[in-house]
Every structure is written in C-alpha cells, then in structure tokens.
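Colleague: Each chain, letter by letter, is given below.
2 protein chains.
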Amino acid sequence: MGKARMLGLATDLYQLTMAAAYLSRGKTARATFELFVRKLPEQRSYLIAAGLEQALGYVRDLSFSEEETAYLRGLPIFSKVDGGFFDYLRDFRFSGEIEAVPEGRAVFAGEPLVRVTAPLIEAQIVETFLLATINFQTLIATKATRVVEAGQGRAIIEFGARRCHSFGAALYAARAAFIGGCVGTSNVEAGFQFGIPVFGTAAHSFTLAFEQEIDAFRAFYEVFPEQTTLLLDTYDTIRAAHLATEFGSGLRGVRIDSGDLGGLAREVREILDRAGMTGTKIMASSDLNEYKIDELVRSGAPIDLFGVGTDLSTSRDVPALGGVYKLVEIMTDGQAVPKMKLSREKLTYPRRKQVWRRIGDDGRYCGDTIGLADEREIPGEPLLQQVMVEGRIVPGLPTLQEVQAVAREEMERLPLELKSLHNPASYPAIYPVSYSARLEEERRKLQHELEE
Amino acid sequence: MGKARMLGLATDLYQLTMAAAYLSRGKTARATFELFVRKLPEQRSYLIAAGLEQALGYVRDLSFSEEETAYLRGLPIFSKVDGGFFDYLRDFRFSGEIEAVPEGRAVFAGEPLVRVTAPLIEAQIVETFLLATINFQTLIATKATRVVEAGQGRAIIEFGARRCHSFGAALYAARAAFIGGCVGTSNVEAGFQFGIPVFGTAAHSFTLAFEQEIDAFRAFYEVFPEQTTLLLDTYDTIRAAHLATEFGSGLRGVRIDSGDLGGLAREVREILDRAGMTGTKIMASSDLNEYKIDELVRSGAPIDLFGVGTDLSTSRDVPALGGVYKLVEIMTDGQAVPKMKLSREKLTYPRRKQVWRRIGDDGRYCGDTIGLADEREIPGEPLLQQVMVEGRIVPGLPTLQEVQAVAREEMERLPLELKSLHNPASYPAIYPVSYSARLEEERRKLQHELEE
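Line by line, the protein sequences are chains A and B.
The first sequence maps to residues 1 to 452 in my numbering.
The second sequence maps to residues 1001 to 1452 in my numbering.
The hints are simulated quantities; they were obtained by calculation from the structure and are not laboratory data.
For clarity, every value in this text was computed on a predicted model and none was experimentally measured.
The beta-carbon is built from N, C-alpha and C at its ideal position, and this holds for glycine as well.
Any given hint could turn out to be false.
Unchecked claim - Only part of the chain A face toward chain B is listed, based on derived beta-carbon distances under 8 Å:
#, residue
1, Met-18
2, Leu-75
3, Phe-136
4, Lys-326
5, Leu-342
6, Leu-421
Just need the whole structure built from these sequences, with the hints factored in.
Modeller: Spelled out as structure tokens, the structure:
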C-alpha cells in the first residue's frame, strides 16, 4: 500500500469534465464538501464508520500517469478541451484538508463522516472513490456489529470472499468485518495486508478426495495437529462425529455446515463429551446471519463459533449504503459562501459542520447535535477530527486493532434499543440527532434567498 | 493486466491448508471441479455468464512471492508444516485445463459455468477467486439485461460506482453491465481498462459552485459544446429547463435527477420542443431499476436515456449469487473416480459434465440437457468450450464488444416468459433443464454406494 499509485481515472467521468469547466473559468477557490448518509436504511438504527484509512491513502496517492491523460485526451468529449487541462492533471496532487469521524465510531443520518476542504477541482475529483470506499466499509462494519451482537460473545469469523462483489471487495469486507468485531477472516490476502487473524477448516472436496472419510480426517490431523477443525457433513454428520472421537481431546474443533444446526450441534456435543473431548469446539456455518445466530444462541445450541459468509460480506439485507457528498461552502472573493441544494427530498444543509455527542446518566449516548464547525457553545464531544493537512495524512491514525476496540466501545455506549435486531417499532427508539439553532437559521436564510 | 501478478494469497485459508495436507499425502492426481449455481435466485429466471476473462487471467498469473510464502510460514497454523510445501508454492504455476460457458451466454441452475481439471492442489487453490469473480460479474450482467429489457431500446448507462462494494467492484460492475447491454458507464477506469464508452453529465455541486444557475450552464457548454447534458434539478427543474433553451438545438441533453420523473420529462420535453430543441435528449436518473424504468416506458414518458446506479451496480434486489465449486471426479490409480456430496439439500452430481441446448421451432431455446462430457448422443449445441490448456489461455477469446453481442443474441433467443420482470407465476414457465439418463444412472449408483 506504500508506493504511489496512479488513481486518476478511478472516478466518474463527470468529475473530470466538471474539473475542465472549473479550470476554464478559473474556479480554483477552496470549497468544502461533506460526505453523509441522508437516511439510515430501514433495518439499521446506527452505522459504524469505516474505510477512512483506504480513503485517505487514495487521496494522498492520487495522480495521473501519461497513459491516463493520453486516454482522456483521446475521448471525444475532451476533443475541444484546452491542453492546459491535461497539464493541470499531469501535475495534480491533492493539497487540501480532511476532517473525519474516526473509524469505528457510531454515526447517524445527516452527520458528516468526512469533510473535505480543498481547491474546488481537487475536492470534486475525489468524490467517487471516497463514496465507494466509505459507503462499502461502513455498510459491512455495521452489519458485522449486528452479527457479533447476536453471537453474545461467541466468536464470529468472516467467510464470505467467494460471494463478494469481486475479490477486491472481499479484501475490504474482511477489514470492515474485523472492525465490526469479527475475530478474523478466511481471506488470506486480508490477513497479509491488514494483519487480521486468518481462520480455516476444510472443504467437502477434501473429504471427497479420499477413499474413506476417516482417511481425510487423519491426513489433515497429521499435518495440522492441534489446529484441525474437521468438517462433518460431507456424508453424514453424526457418523462423522463418531469418527472424530478417534482424535481425542487434541482435536481443536468440528464444523457443521448443513441441516438443523442446533439439533446436530447438540448431538455432536454429546458424542464429543462422552469421548472426553469437552474442549473440542463446535463451529457452525451455512448461510448464517444475525437472525439465525440469534435464534441458535437463544435456543441454547452448544455452538462455540460461527462462520458467516454471504449475508455478512455483502450485507445481503441492505446491500448498499446511500452515502452522498455535497458541496456546503465555497470561497468567493475571500468570503466563505454557504451552499445548499433545494431539490425535492434531497435538500441539504449548508456550511462546514461538526457533530457533538452527549452521554447520559446511564453512560450511554443520549443525543447528537449537528452544528456549524466553529460553534463553541454546543455541549458534547466533537466527533470530526483533522486527518489530513495539505494533502498529508496526519500522523497517529489508529491501528486496525485499535479501530476494532473503538467500535466495541461504541457498541457498549449505544442505547440498548438501537441494538435490537428488529427495527425499532416506535419513533422514540430512533437516536435523537438535532441541528443547532445557528445551523437551522443559516439554512432557513439561504433557502429563502434561493427561493426568491 | 498483462504483467504477472502475485495472487497466491487471494484465496481462503483452507485452500492452502488442504493443499499442504494433499501434498503430504502425495495427493497430486488430477481432479475435476465444476462451478455452478445450485438454484436461481427467486427473482431471476436465467443468468448471463460473465467474468471468465478475469478468472482466466487470475489462473494464468497465479503465483506466490517470497513475501507471501514467508507470511504463510509465519502463521501459527503452518508452524508444523514441512518446508517442502513452501518450496512447492514457490514454484507454483497452474498447469491444468479449463472448459467454460462463453461469457454472455444464458445459463440455468445446475449447469456448470466453468470446469477445471488440474492436479488436485491447483484446482483447489483457485476456487475462491474463481467464485468471487464469476459470481459477481454474472450477477451484474444478468441484472443489466433486465434493466436493458425494461428500457425497450432506450439507452441505459451504468452509473453506480459510488455505491459499489469498493472501487474495485465498480470496475467489474461496469464491465458486466456493458455485457448485459448497457451502452456505457460513468466509470473512467472501466473505460480505460476495458474500452467501454464513458458518459457523464454534471453534478449538483457544479451548479452550486456558480452564483447563478445559468452561469454554470454557460461555463459547461462553452467547454463542451455539442457534448453538454445539463442537470436541471439543483433548484427547480422547470425553471432550469427554460434556462436551457438559451443553448438551442446544439444542446445535446438535459438530465432530471429527482421528483416525478415522468411528469417532469413531459413538461421539459414540451419546453424544449417549443424552443425547437427536438433533438435535445432527456436523461433520467434517481434510484432507478428495471421496475421503475418499465413503468416510465409503459407510461410513455419522453425519456431517451436512463442513468442507473445502485440497483444495477450492486444488483440490489439479489445482491449475491450462490455459485459453488464442487469436486466431481478424481484420478485414482489411472481411473477417473466419480465424486459427489450427500449433505442434505446440497447433494451434487458426479462426473465431468457438458450442457447441450436445443432450439425450438420458434427459434427460441426450448430446453437444456446436462450430461456426461463424453456423451455423443445428446441433441443440441454443447455450451462448454475449452478456454485453457496447460495453464495457457486458448487464443481467440472474444472481445468485450463481441461478448455484449452474444448476450444480446441470447436475450432474443430466451423464451419470452423468462424475460418477464416479475417472477414466472407458474412452474411451467421455468426453463426446462434435465439430466441425461447416463448421468442420472451414475448419480444413483454412486449415491447408493456411498449410503452403504
């Protein structure tokens, strides 16, 4: 991740056409954009911010190669664009400031997760990649906290690479799932790149590759003593559980991957216990999600670990987060001019903002206020912190392990009703987020001006 | 894409632990795995195969760097594994054969999309990446055909990068959407890498960045004469449409991105037509999908192009495809031994298979037979073709444009009832896929043997 990459084309075309038009009009003044989610998905009562590290790495490394600018120059749409634009791209480096909510923190609708202040063109070009990165990792980190909560302390391992939206998505799904509390991933590249613990058992094909099931079990155990988790359901789970007793208490675990997971886990537990294998763990997998895990845990199924794939790694019930990136302020003649959009249902709040969070008497969060970044009177902890100055990442970003700890603490501070797996039934269960009086006043004033 | 990449760790851990166990037992015989979808998602009546080119590129380039093998060696689980395994990885190159259904072809449940025959370890390691690649692109190409069908000839542009599962996913979403019939994408990197036509208009922020809306319109038009699509809904769509008449018939298009798209399109069309701008196109966007487009088209809304984002690029209604990769045969003592899995609801068919497709009197596909690869008596066109020999890609893979043409032809040959946007109501609307008598017999025999 260290070396500079050419990422100039990792964007939507209109970012580059707008850039050319801005440049031709000399519109190079500084502007501020904010990235936020307008409305939480119906099945989510909070979000866990994630993806900032990759977003910042992109912004820092963003540049255009000769090959990339040549490609742009050859596009029909750029045929009449002045050569000065391509010179501009050739020298392009992001020079602005970024404030952001740290990874792992809980956020709510309307709250800026990232605030970018830079010359207009620079701030505009980064939109697409920032959104793709923050939207996706936030989506998965949030989903992971739900699955982890359902596990009530049982370990959750992320398993979903094969169903992800390409292997690149799998890599970041593993990272975000770890932030959300998974103990690890099956994804080796994610282990290599991010230091996430990697886990694995065996596939049905391994059992099938041997003439007898017990031969497969022995072959694996011989190479990985103390590290073996046997997959039981290739032919018959109960029969395989009996075979597994041959290995005694040195067997780390067994995995059940089909059928009535709760019922089978009970039978398998009994077989193992009778063989004195009380320390051998039972892992369950097979299209699991927070609801199925919740049911298994509540029913007392003796399952120690859950492997969760598709539903977690694609956030199957809510597979996209609608984060947006909106212009809120622009410098004009030395003045910061507020900006907002009036489109029906897509109205935005102008001005650079900050979010303040309050803690109630029970030690849990009790409400946020979104105000103007320079307000000084708003009680609570300000969430956005400076993470980039003049295109350089501010030293001291937390490690991934630290981010996971942040998210864990957030989960403890969230009001209990927000963590219900089912959508809060009544309005008061929604976390209270309000706008400061000064911000409301600014919005009203500007809206009135614009509507004239 | 040309140079060799180290992709060894782009897999699940268990592929590598199984590899070590296979090697220690000398299990290096050739085996065949097949990639298929057990069951179509409820909202899909067919799939359009996609992703093969990236899958083959991965298999061809797959190798392990020193750094990667050192990482594996340092993992606790590999602590007792013989050094010979790491030597094996250091020299690893895929040496096998691959047969596959060409990209763009329609496929159905149970039909192998990809068949890999190689030394057991090689065939096993590639599973995760193949699945992630084929599952995702097939998912999006299929979704795209639905959106394109709904458009009834109106152009569909893929727009969804910002909501994709990381920017890497966006790149392949754009490719797959193009296969499914989109005319292009907003994703510049996808244009650069795959030669897909790129499209763009302008964002609300562009309008906001100017003091007056008309200033923004003029600035853009000046730089991109004949190529300008003005975004109308930053403040008020109808007012903006009147402003747009200033540019006359040289204005390529306008875009409406919020509100009642059909009603606004009618009003805007009238304003443009009255100004003699009958050639100026109207584009609509705003959380569109096949159902909304179908409604707009059927209602006669004068919309010429649709920009489709989130729903298309994440296949939001069906965000994951459950493709699996199963061992079907393994060489033992010079004999090809059939393999199958008995797990409840996850039973597989043994043996190397081929799919034959028949065309009915109406020129449309009327049924497929899945049989043993070496059967010679089955009528119809065999779908799987050899695409890799001894680790080398067979020359003459189609270009992306050719693949798009293949998919277009498939859509014309699919039974009409399969293309209904709503799920076929009754069982006979499901496309008929059967297994050959010889294959059924093989399965019965093997199942009987295994259950003994």
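Colleague: All hints are to be evaluated individually against the structure, with a verdict given for each.
Modeller: The hints, checked one at a time:
1. Met-18: holds (5 Å)
2. Leu-75: Holds, because the Cβ-Cβ distance from A:Leu-75 to chain B comes to roughly 7 Å (cut-off 8 Å).
3. Phe-136: A:Phe-136 check passes; min Cβ-Cβ to chain B is 5 Å, inside 8 Å.
4. Lys-326: holds (7 Å)
5. Leu-342: Holds - the Cβ of A:Leu-342 comes within 8 Å of chain B, reaching about 5 Å at its closest.
6. Leu-421: Cβ of A:Leu-421 sits 19 Å from chain B, so the hint is violated.
Checked against the numbered hints given earlier, this structure breaks only hint 6.
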